[in-house]
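Q: If you count the sequence shown from 1, position 100 lands on 458 in our numbering, and the numbers rise without skipping.
These are computed hints drawn from the structure, not numbers from a lab.
Please read these numbers as outputs of a predicted model, since none were measured by experiment.
We treat Cβ as the ideally placed atom computed from N, Cα and C, and that holds for glycine.
Possibly wrong hints are sitting among the right ones.
Cβ-Cβ distance ranges computed for the label pairs, FRET-style [to be verified]:
1. Asp-415 <-> Gly-393: 14 to 20 Å
2. Phe-439 <-> Gly-410: 28 to 34 Å
3. Thr-420 <-> Thr-390: 26 to 32 Å
4. Val-386 <-> Met-421: 21 to 27 Å
5. Ser-409 <-> Gly-368: 21 to 27 Å
6. Pro-437 <-> Ser-409: 29 to 35 Å
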Amino acid sequence: MMEYLAEYQGVLSRLALEVVCGTLEYMVVDATPAGIGHIFIREFHSLVHRSGYETGDAVNYTMCQLTQPVKDDLKWWKPLFSKDGGQPARAKRSATLVPTYGDGSGSGTG
359 MMEYLAEYQG
369 VLSRLALEVV
379 CGTLEYMVVD
389 ATPAGIGHIF
399 IREFHSLVHR
409 SGYETGDAVN
419 YTMCQLTQPV
429 KDDLKWWKPL
439 FSKDGGQPAR
449 AKRSATLVPT
459 YGDGSGSGTG
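All chains should be built: construct the whole structure from the sequences, respecting the hints.
A: Have a look at this one:
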């Protein structure tokens, strides 16, 4: 997904970008050394959360184009996702009746 967004030239809905930003912010950043991942989300977060839309969902229904600084930051994440050094967060055999993860965006989409 990072590669796709880093190369994409068109406009995207802020809701779709909120899902990606939320996933990076709440599920992955803490796993980066010393939380350095926050530095590489700041531009992305500012683009998705435009000023003037502090409350409500109105901003989610607008479109935007990724800026070059945001694309550069997304490229920073690529090596982290291409490594296979992770461990599962819970046992493979464990069962659940409710979702145990989300994308962190608060939009209710994942």
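Q: Run the structure past the numbered hints and jot down the numbers of the failing ones, going up.
A: 1
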